[in-house]
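Read top to bottom, the protein sequences are chains G and H. Just so you know, we're using the numbering used here here: the first sequence kicks off at 1 and counts up by one. Just so you know, we're using the numbering used here here: the second sequence kicks off at 1 and counts up by one.
You may find that some hints are simply not true.
[Claimed, not checked] With a straight-line cut-off of 20 Å between C-alpha atoms, the simulated SDA-like cross-links for lysine to any residue are:
#1 H:Lys37 to G:Gln38
#2 H:Lys37 to G:Ile90
#3 H:Lys42 to G:Thr30
#4 H:Lys42 to G:Gly40
#5 H:Lys42 to G:Ala2
#6 H:Lys37 to G:Asp11
#7 H:Lys42 to G:Asp11
#8 H:Lys42 to G:Arg10
#9 H:Lys42 to G:Gln22
#10 H:Lys37 to G:Gln41
#11 H:Lys42 to G:Val62
#12 H:Lys42 to G:Gln24
#13 H:Lys37 to G:Gln22
#14 H:Lys57 to G:Glu102
[Stated by the list, open to error] Distance ranges between label pairs, derived from CB positions:
#15 G:Gln38 to H:Glu56: 29 to 35 Å
#16 H:Thr10 to G:Ser18: 32 to 38 Å
#17 H:Val54 to G:Thr17: 44 to 50 Å
#18 G:Asn82 to H:His72: 39 to 45 Å
#19 H:Asn3 to G:Ser9: 27 to 33 Å
#20 H:Asn3 to G:Thr112: 29 to 35 Å
#21 H:His7 to G:Phe75: 36 to 42 Å
#22 G:Thr44 to H:Ser28: 19 to 25 Å
#23 H:Gly16 to G:Gln51: 44 to 50 Å
#24 H:Ala29 to G:Thr44: 17 to 23 Å
#25 G:Val3 to H:Gly1: 28 to 34 Å
#26 G:Pro71 to H:Gln60: 23 to 29 Å
#27 G:Val3 to H:Asp17: 33 to 39 Å
#28 H:Gly1 to G:Asn72: 27 to 33 Å
Treat the hints as calculated values from the structure; they're not laboratory data. Glycine included, every Cβ here is placed at the ideal spot set by N, Cα and C.
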Amino acid sequence: SAVISQKPSRDICQRGTSLTIQCQVDSQVTMMFWYRQQPGQSLTLIATANQGSEATYESGFVIDKFPISRPNLTFSTLTVSNMSPEDSSIYLCSATTGPTGELFFGEGSRLTVL
Amino acid sequence: GENVEQHPSTLSVQEGDSAVIKCTYSDSASNYFPWYKQELGKRPQLIIDIRSNVGEKKDQRIAVTLNKTAKHFSLHITETQPEDSAVYFCAASTRAGGGNKLTFGTGTQLKVEL
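The task is simple: from the sequences and hints, build the whole structure.
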């Protein structure tokens, strides 16, 4: 398994500002993903973070709102831009390691937008 | 895209009883079906998974069954204990590159009562 660290673990943000979440994995991974989990809801895939190239976004998510970087195999960032209260959620970094492709999650970053 | 439905949304059982959670999926190309347990305020944790070449898999008190023809799979927990209380998510995937891009069900809140 992989150990996935995220920061910040939580933050309170003002409307209109942007916040960048960092994700670090302790071993080389094949794929990295960013999920959103709204309060009491399931997990929704935002995008696949591709090393050295633009992320692949799911329907309903766009690069201008959620820019993602992945400069190397073990690190990725997600920025939530121009935040509104509707962006209040838990953002989860995830990664797969090895040929079995099991998906592991970071602890999540809980954002509250006022 | 893939659509995963999960039932029931809440499940209450007495300690020692069995619990069953059921999921259906829409994409016949899906071939990997993990189950995650999420305790309050914690990250989702992989508890068991099954691949399409297997009909059943068991790990101590937990088992998963898969019916590819009907496109449904189920989680069975026997001899439930209070620490089994959590939200359980099923997921389905067609492999994306070297890893698994997962679509999650809506979750089941399991409560094990003393």
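Verification of the hints:
1. H:Lys37 to G:Gln38: holds, 17 Å
2. H:Lys37 to G:Ile90: Satisfied, since the Cα-Cα distance of roughly 16 Å is no more than 20 Å.
3. H:Lys42 to G:Thr30: violated, 24 Å
4. H:Lys42 to G:Gly40: holds, 13 Å
5. H:Lys42 to G:Ala2: The given pair, whose Cα atoms are some 16 Å apart, holds under the 20 Å limit.
6. H:Lys37 to G:Asp11: violated, 25 Å
7. H:Lys42 to G:Asp11: holds, 16 Å
8. H:Lys42 to G:Arg10: holds, 13 Å
9. H:Lys42 to G:Gln22: Satisfied, since the Cα-Cα distance of roughly 18 Å is no more than 20 Å.
10. H:Lys37 to G:Gln41: Judged against 20 Å, a Cα distance of about 14 Å means the pair holds.
11. H:Lys42 to G:Val62: Given pair Lys42 of chain H, Val62 of chain G is violated - Cα atoms ~27 Å apart, limit 20 Å.
12. H:Lys42 to G:Gln24: holds, 18 Å
13. H:Lys37 to G:Gln22: At roughly 24 Å apart (the allowed maximum being 20 Å), Gln22 of chain G and Lys37 of chain H break the hint.
14. H:Lys57 to G:Glu102: Satisfied, since the Cα-Cα distance of roughly 16 Å is no more than 20 Å.
15. G:Gln38 to H:Glu56: 29 to 35 Å: For Glu56 of chain H against Gln38 of chain G, whose Cβ atoms are near 34 Å apart, the range 29 to 35 Å holds.
16. H:Thr10 to G:Ser18: 32 to 38 Å: The hint (32 to 38 Å, Cβ to Cβ) holds, given that Thr10 of chain H and Ser18 of chain G are roughly 37 Å apart.
17. H:Val54 to G:Thr17: 44 to 50 Å: Distance hint for Val54 of chain H, Thr17 of chain G holds at roughly 48 Å.
18. G:Asn82 to H:His72: 39 to 45 Å: holds, 41 Å
19. H:Asn3 to G:Ser9: 27 to 33 Å: Check passed, 32 Å falls within 27 to 33 Å.
20. H:Asn3 to G:Thr112: 29 to 35 Å: holds, 30 Å
21. H:His7 to G:Phe75: 36 to 42 Å: holds, 38 Å
22. G:Thr44 to H:Ser28: 19 to 25 Å: Holds, at about 23 Å.
23. H:Gly16 to G:Gln51: 44 to 50 Å: holds, 48 Å
24. H:Ala29 to G:Thr44: 17 to 23 Å: holds, 21 Å
25. G:Val3 to H:Gly1: 28 to 34 Å: holds, 30 Å
26. G:Pro71 to H:Gln60: 23 to 29 Å: Taking Cβ atoms as reference, Pro71 of chain G and Gln60 of chain H lie about 41 Å apart, which means the hint is violated.
27. G:Val3 to H:Asp17: 33 to 39 Å: holds, 35 Å
28. H:Gly1 to G:Asn72: 27 to 33 Å: holds, 29 Å
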